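Per my numbering, the very first residue in the sequence shown carries number 1; after that it's consecutive.
Since the hints were derived computationally from the structure, they do not count as laboratory data.
Be a bit skeptical, because a hint or two may be false.
[What the hints assert, rightly or not] Using C-beta positions, here's what the derived DEER-type ranges look like: (1) F13 - W49: 40 to 48 Å; (2) E48 - F13: 24 to 32 Å; (3) Y23 - V50: 39 to 47 Å; (4) F13 - E33: 32 to 40 Å; (5) V50 - M27: 30 to 38 Å; (6) R26 - W49: 21 to 29 Å; (7) I41 - F13: 26 to 34 Å; (8) L29 - V50: 27 to 35 Å; (9) F13 - C35: 21 to 29 Å; (10) M47 - F13: 36 to 44 Å; (11) V24 - S46: 21 to 29 Å.
Given the structure is predicted, the values throughout are model-derived calculations rather than measurements.
From the three backbone atoms N, C-alpha and C, an ideal C-beta is built for every residue, glycine too.
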Amino acid sequence: MLLCIYLSSDMAFATFKFASVRYVKRMQLLALEICIFVVHIEAQWSMEWVQV
1 MLLCIYLSSD
11 MAFATFKFAS
21 VRYVKRMQLL
31 ALEICIFVVH
41 IEAQWSMEWV
51 QV
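Can you build the whole structure from these sequences, using the hints too?
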C-alpha cells in the first residue's frame, strides 16, 4: 500500500514538473470549488438540523 502511494506520488511529481502552470492553476481552482461546495452543503445540513 505504501509502495503504491510512493510510486504514485513519484509519478505525480514527474508529471508536475512537465505540467504547464495553467494546468496546475486549473486543478487548484477545481479543488477550491469542491471545498466550497462541500462546506456549502454541510452548512445547509446544519441549518436544517437547527430548524428541526
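Evaluated hints:
1. For F13 paired with W49, a C-beta distance near 42 Å keeps the hint of 40 to 48 Å intact.
2. At roughly 42 Å, the beta-carbon separation of E48 and F13 lies outside the given 24 to 32 Å, and the hint is violated.
3. Range check, Y23 to V50: about 41 Å between beta-carbon atoms, so the 39 to 47 Å window is met.
4. Taken as a hint, the range 32 to 40 Å is violated for the pair F13 and E33, whose Cβ atoms sit roughly 24 Å apart.
5. Look at V50 against M27: about 35 Å separates their beta carbons, and that is inside 30 to 38 Å.
6. Evaluation of the 21 to 29 Å hint for R26 and W49 yields a failure: the beta carbon distance comes to about 35 Å.
7. A hinted range of 26 to 34 Å holds for the C-beta pair I41 and F13, which are about 32 Å apart.
8. For the pair L29 and V50, the beta carbons lie near 32 Å from each other, so the given range of 27 to 35 Å is met.
9. For F13 paired with C35, a C-beta distance near 23 Å keeps the hint of 21 to 29 Å intact.
10. Evaluation of the 36 to 44 Å hint for M47 and F13 yields a pass: the beta carbon distance comes to about 41 Å.
11. Under the hint 21 to 29 Å, the C-beta atoms of V24 and S46, about 33 Å apart, miss the expected range.
Checked against the numbered hints given earlier, the structure breaks hints 2, 4, 6 and 11 and satisfies all the rest.
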